[in-house]
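Protein chains: 2
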Amino acid sequence: MSLSMADEQKQLLQEIERLLESGDTSALRKLLSDQRSSDIAEIVELVDNDERRAIFDAMDKPMSAEVLEKVDEATRAELFELLKDEELISLVSELDPDDAADILSELSEEERAELLESISPTESAEIKELMSYSEDSAGGIMDPVLISVPEDATVAEAVSKIRAAEIDEDFYSVYVVNKTGRFLGDVRLRFLLTRPESAKIGNLIDPDTIYVNVNTDQEEVRNIFSKNDLIVVPVLDKNHKLVGRITADRVIEVAEEEAAEDLYTMAGTDPDELDNVSVFHAARVRMTWLLPCLIGTGVTALVLMFFHDRFHIDNLSLIYTVALAFVPMIAAISGNAGLQTSAIVVSGLATGHLVALKLSQVFTREVRIALLVALSCGLLGGIACAILLHTKGLEDGIKAMRLVFAFGTAMFSAIMVATTLGLFLPFLFRRVGIDPAISSGPLVTTANDSISVAIYMSLTLLLAT
Amino acid sequence: MSLSMADEQKQLLQEIERLLESGDTSALRKLLSDQRSSDIAEIVELVDNDERRAIFDAMDKPMSAEVLEKVDEATRAELFELLKDEELISLVSELDPDDAADILSELSEEERAELLESISPTESAEIKELMSYSEDSAGGIMDPVLISVPEDATVAEAVSKIRAAEIDEDFYSVYVVNKTGRFLGDVRLRFLLTRPESAKIGNLIDPDTIYVNVNTDQEEVRNIFSKNDLIVVPVLDKNHKLVGRITADRVIEVAEEEAAEDLYTMAGTDPDELDNVSVFHAARVRMTWLLPCLIGTGVTALVLMFFHDRFHIDNLSLIYTVALAFVPMIAAISGNAGLQTSAIVVSGLATGHLVALKLSQVFTREVRIALLVALSCGLLGGIACAILLHTKGLEDGIKAMRLVFAFGTAMFSAIMVATTLGLFLPFLFRRVGIDPAISSGPLVTTANDSISVAIYMSLTLLLAT
Numbered sequence: 001m002s003l004s005m006a007d008e009q010k011q012l013l014q015e016i017e018r019l020l021e022s023g024d025t026s027a028l029r030k031l032l033s034d035q036r037s038s039d040i041a042e043i044v045e046l047v048d049n050d051e052r053r054a055i056f057d058a059m060d061k062p063m064s065a066e067v068l069e070k071v072d073e074a075t076r077a078e079l080f081e082l083l084k085d086e087e088l089i090s091l092v093s094e095l096d097p098d099d100a101a102d103i104l105s106e107l108s109e110e111e112r113a114e115l116l117e118s119i120s121p122t123e124s125a126e127i128k129e130l131m132s133y134s135e136d137s138a139g140g141i142m143d144p145v146l147i148s149v150p151e152d153a154t155v156a157e158a159v160s161k162i163r164a165a166e167i168d169e170d171f172y173s174v175y176v177v178n179k180t181g182r183f184l185g186d187v188r189l190r191f192l193l194t195r196p197e198s199a200k201i202g203n204l205i206d207p208d209t210i211y212v213n214v215n216t217d218q219e220e221v222r223n224i225f226s227k228n229d230l231i232v233v234p235v236l237d238k239n240h241k242l243v244g245r246i247t248a249d250r251v252i253e254v255a256e257e258e259a260a261e262d263l264y265t266m267a268g269t270d271p272d273e274l275d276n277v278s279v280f281h282a283a284r285v286r287m288t289w290l291l292p293c294l295i296g297t298g299v300t301a302l303v304l305m306f307f308h309d310r311f312h313i314d315n316l317s318l319i320y321t322v323a324l325a326f327v328p329m330i331a332a333i334s335g336n337a338g339l340q341t342s343a344i345v346v347s348g349l350a351t352g353h354l355v356a357l358k359l360s361q362v363f364t365r366e367v368r369i370a371l372l373v374a375l376s377c378g379l380l381g382g383i384a385c386a387i388l389l390h391t392k393g394l395e396d397g398i399k400a401m402r403l404v405f406a407f408g409t410a411m412f413s414a415i416m417v418a419t420t421l422g423l424f425l426p427f428l429f430r431r432v433g434i435d436p437a438i439s440s441g442p443l444v445t446t447a448n449d450s451i452s453v454a455i456y457m458s459l460t461l462l463l464a465t
Numbered sequence: 001m002s003l004s005m006a007d008e009q010k011q012l013l014q015e016i017e018r019l020l021e022s023g024d025t026s027a028l029r030k031l032l033s034d035q036r037s038s039d040i041a042e043i044v045e046l047v048d049n050d051e052r053r054a055i056f057d058a059m060d061k062p063m064s065a066e067v068l069e070k071v072d073e074a075t076r077a078e079l080f081e082l083l084k085d086e087e088l089i090s091l092v093s094e095l096d097p098d099d100a101a102d103i104l105s106e107l108s109e110e111e112r113a114e115l116l117e118s119i120s121p122t123e124s125a126e127i128k129e130l131m132s133y134s135e136d137s138a139g140g141i142m143d144p145v146l147i148s149v150p151e152d153a154t155v156a157e158a159v160s161k162i163r164a165a166e167i168d169e170d171f172y173s174v175y176v177v178n179k180t181g182r183f184l185g186d187v188r189l190r191f192l193l194t195r196p197e198s199a200k201i202g203n204l205i206d207p208d209t210i211y212v213n214v215n216t217d218q219e220e221v222r223n224i225f226s227k228n229d230l231i232v233v234p235v236l237d238k239n240h241k242l243v244g245r246i247t248a249d250r251v252i253e254v255a256e257e258e259a260a261e262d263l264y265t266m267a268g269t270d271p272d273e274l275d276n277v278s279v280f281h282a283a284r285v286r287m288t289w290l291l292p293c294l295i296g297t298g299v300t301a302l303v304l305m306f307f308h309d310r311f312h313i314d315n316l317s318l319i320y321t322v323a324l325a326f327v328p329m330i331a332a333i334s335g336n337a338g339l340q341t342s343a344i345v346v347s348g349l350a351t352g353h354l355v356a357l358k359l360s361q362v363f364t365r366e367v368r369i370a371l372l373v374a375l376s377c378g379l380l381g382g383i384a385c386a387i388l389l390h391t392k393g394l395e396d397g398i399k400a401m402r403l404v405f406a407f408g409t410a411m412f413s414a415i416m417v418a419t420t421l422g423l424f425l426p427f428l429f430r431r432v433g434i435d436p437a438i439s440s441g442p443l444v445t446t447a448n449d450s451i452s453v454a455i456y457m458s459l460t461l462l463l464a465t
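These protein sequence lines are chains B and C, in that order. Sequential numbering from 1 applies to the first sequence in my numbering. Sequential numbering from 1 applies to the second sequence in my numbering.
One thing to keep in mind: the hints can contain errors.
Copies of one chain are not kept apart here, so a pair can be met inside one copy or by any two copies together.
What the hints assert, rightly or not - 25 Å max Cα-Cα, derived DMTMM-like pairs, lysine to aspartate or glutamate:
(1) Lys161 with Glu197
(2) Lys61 with Glu261
(3) Lys128 with Asp237
(4) Lys128 with Glu106
(5) Lys200 with Glu157
(6) Lys179 with Glu114
(7) Lys200 with Asp170
(8) Lys161 with Asp206
(9) Lys10 with Asp39
(10) Lys238 with Asp7
In short, the hints are calculated from the structure, not lab data. Every value quoted in this text rests on a predicted model; they were computed, and no experiment measured them.
Looking at chain B on its own, in the form it has when it is part of the complex (with noise of 0.2 Å):
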C-alpha cells in the first residue's frame, strides 16, 4: 500500500512537470485543484524554485495557502523568499490564527512585524496571543476556535450557535461556562443529536470531561490523549477559562515530533538538522554531537598509553601502540557517524518523507554532509594523534608525521564507508522486506567497526611504517 501510495505520488509529479513543461496553464490549474492540499505540499517539496512558482500561480488562494501550511520548514523557508509580500499577506490571512501563528514564528521579526501589521487588527491580536505560548506547550498547539455555550442554555440555542458560526471546521463538543466564563464541561456533539432540544445544555456535561492547561508540555499532553482515548480537548488558563481545544490530529503530529526528537537525540543528531537545507548547517548540528566523542575517545587512547606504560613493556613500537590506541576513536566516530546517517533515514522512511521519491536528492546532501565531518574528524583526530605521539617524546619527526598522516586519512576513509552504509542500508532493508531501523541496531555498527578498523589499520601499516 505504501509502495502504490508513491506510485501515485510519482505519477502525480510527473504529470505536473509534463504540464509545467508543455506551458498548458489551464490543464495543470484543473489538475491541481482536483488534488488534495496535502499531495500538492509534497510534490512542491520535491521540484525547483521555477516550478514551484509556477505551481502556485496555478492554484486558487484557498489551496495555496493550505499549501503553504502544510509543506516542511525547509521548503516554507525557500518559498517565504519565492512569495511576494502582498502574497504571503494574503495567503497568511487566509489561515486559521494557530496554523497563522506557527507559520509567523518561522519568518524574521521584521518580517512578521510588517505581516501583522498589514492583516486585521482582530486576527493580528489573536496570532500574537497564540505567539506569546511556547511552542512545545498546549497554548502553542491548540486551536483557539470553538464553540462555547453558557450552562443555562438549550440544546436548541447550542446548536443554532453551532450554526451561526458557520466555521470551516469540524466540531467534536461544545463546551458549557458559567456567567464569569469560568470553563464547567463539555458536551458531545452526538448528545446535541439525540437529546430534546428543550434539554439544558448544563444537564449533558460529561462528568468525566477533561482539561489540559495552556502551558501544559506537548508531551505531556499527548500521554493525556494516549491514556484517557480522547479525540478533543478543552485548553484552559490559569483563571480556569477556555482559550482554546487541541484535537487528535495535532497530537499525532506532536507524537511523531517527540518519536523522531528521541530518536535522533539517541543517534546524536538534531531534528533540527532538517529544518534548514545547508549542508554546513547540518554538519555543525552533527559535529556538535561527535566532538564529546572525539574527546571521550580521546580520553579511552590516553587510558591505553596509559597502561603501554605499565605493562613495562619497554621495547614495544610506539607507533604500534598509539596506533592501536586510537583503534576505539575510529571505531566510535565512524560508527556514530554511520549512525546519524541512518537515524535521518530510518525516520525519514517510518514517516512516509522519503518513500521512494527522488532518492538522488537526499543521497547528495548526505554525501556532502558525510564529507564535511569526515573532514573535520580526520583533521580532529590527526592533531590529537600530534600531541599525544609529542607527549610521549617520539624522536623521529617524519615518522610521528606519516603516523598522524595516516590516521587522518584513516578516518576520513573510514567515516565514508560509515556514512555510506548508513545511507545505503536502510534503502536496502526496505527492498527486501527486512525493518530498515535493525541498519542502525547493533547488528550493523559493529559490522561497521570491523571494517573501518581493517581501513585504519591497513593505512597505517601503508603509510607510517
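Mind docking chain C on chain B? Use the hints.
Only chain C this time, still in chain B's reference frame:
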C-alpha cells in the same frame, strides 16, 4: 505538570493501600468508583496480586472490564491467572468487540476457544472476524461499530438512526452506502446539525472522503492521518464495503508503538521484552542483539591480531597485544548493553509509564537482567579470548588462563557499570532538567567506553601479569 500528575497518582496509590490494609471495603468501593479507569489501570500495574484481587472485587463490572483493557500486556497476563474463568468471560463480553479481540489474542488458543464459546454467537462471530486481520493492519486496529445510512436517506432519518443505535461511543461522521452496500463517502456529524432535516444525505457527502483498506499497514494509516489531519477514517474491504472505522485516539497509540519499536530496534532491544515479566526472557531478547555484536567485535580482534603479525614486532608481549585486540569488544558490548537499558528507561519516561512510581521495581528488574547479560557476555568473551590465544600458540597455559579469567571478569564488570549508568543517568538527567534521551546519545556512550576500557585494562594488568 507531569510531575504533579505523578504526585496525584502516588497519593491515590497510598490511599488505596491504606484502605486495603484497614479492610474498609465500602470506602475502597467508593474511592474506586470516583476514579478514571485509566488511573486505576496504572495503579493495578504497580500493586501485587493480592491487592489486585481486592481491587477487582471492589469495582463494578464495567469498570473492571475497562481496567482489564487498559493495563499493560504483562499485567494483563498476570490478571488472566488471577481472575476466575467466569469472571474473565463476563468482563470480556462487557467490552467492545475490537477491545475484546485484542485481549483474546493474548490468551492461549485453548482458553480463547473456551471463552468464545461462552459468549453470544453474534458477538463471538464478530470477534473472530476481527481476529482474522493482522495485528498491525487497519483491520487489526479498527472498531467495527459505526453508523451507515443509504444515500437516499434524509438528515432526519440519519439522526434517528444515531438515536436508535444508542451506542456508548462517540461518532464524528456517518457513512453513506449505495443499495449494494458499496461505500460512497462520509458526512460529518456537524452537517447533520446544521442542514435542514429534509436534506438528502447523498448530497452532503464530503467530496474529499479518505478511506483505508482493511490490509493497509498501521504505520501507513498513521501517515495518512497525519498527512490529512484526520480524526476518523472508514475502513473498507476489498469489495469496497464498509467494515469498520479507525479513530485518532487509536492512531496516537499506534504512533507511540511504532516510535518505541524504532527506538528499541536501534538500541538493540525489543518492545517484546516488556510484554513478558520474566527476567530470563528479557535477557534472552537482549542477548540475541548482543550476540552479533560479540561476533563482530571478535572479527575486529582477529583483524587487530592480523596486523600485529604484519607490523613484524616479534618481541611484543602477546598478552598485551591480545588484551588490546579485545578493547573494541569491551567498549562495544558494554556500550550497547548500557544503551539497551537506557532505551527502555528513556521511552518509559517519555510515555509517562515510568514517571516516579515505584522506581525500585524497575531497578531490581533491570539490575537482574544486567547480571544475566553480563554473565553470558563475560563467559562468551572469555571463550573467544581463549580460542584466540590458542591459535596464537601461547606456550604458558597458566598465563593464558589468567588472561581469559581477567578478560571475562573485566567484561562482566564493564557491562555492570555501563548498565548501571544506563539505568540511573536518564532519571538523573530528568531530575536536573536535561532531556533524558541525551543520556543515551554518543556523549554518554563514549564516556562509558573510557570507563569500561579503564576497568578492563586494570583487571588485565592485575590478574594476567
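Is it within, between, both or neither when you check Lys238 against Asp7 at 25 Å Cα-Cα?
Only across copies: Lys238 and Asp7 sit 20 Å apart there, 49 Å inside one copy, limit 25 Å.
Can you tell me if Lys128 and Glu106 fall within 25 Å by alpha carbon in one copy, between copies, both or neither?
within (14 Å within a copy, 51 Å between copies)
Within, between, both or neither: Lys161, Asp206 at alpha-carbon 25 Å:
both (20 Å within a copy, 22 Å between copies)
Cα distance capped at 25 Å. Does Lys179 pair with Glu114 within a copy, between copies, both, or neither?
neither (38 Å within a copy, 56 Å between copies)
Using 25 Å as the alpha-carbon threshold, which applies to Lys200 and Asp170: within, between, both, or neither?
So Lys200 and Asp170 pass the 25 Å test inside a copy (23 Å) and across (20 Å) alike.
Indicate which option fits the pair Lys161, Glu197 if close means a Cα-Cα distance not exceeding 25 Å: within, between, both or neither.
Answer is both; intra-copy 13 Å and inter-copy 17 Å each pass.
If the cut is 25 Å between Cα atoms, do Lys200 and Glu157 qualify within a copy, between copies, both or neither?
both (9 Å within a copy, 24 Å between copies)
Should Lys61 paired with Glu261 be assigned to within, between, both, or neither, using CA atoms and 25 Å as the limit?
neither (34 Å within a copy, 41 Å between copies)
25 Å Cα threshold - placement of Asp39 relative to Lys10
Close inside one copy (11 Å), not across copies (47 Å); limit 25 Å.
Could you place Lys128 and Asp237 in one of the four classes (within, between, both, neither) given a Cα distance threshold of 25 Å?
Intra 16 Å, inter 47 Å, cutoff 25 Å: intra-copy only.
When the structure is compared with the earlier hints, violations turn up for hints 2 and 6 and for no others.
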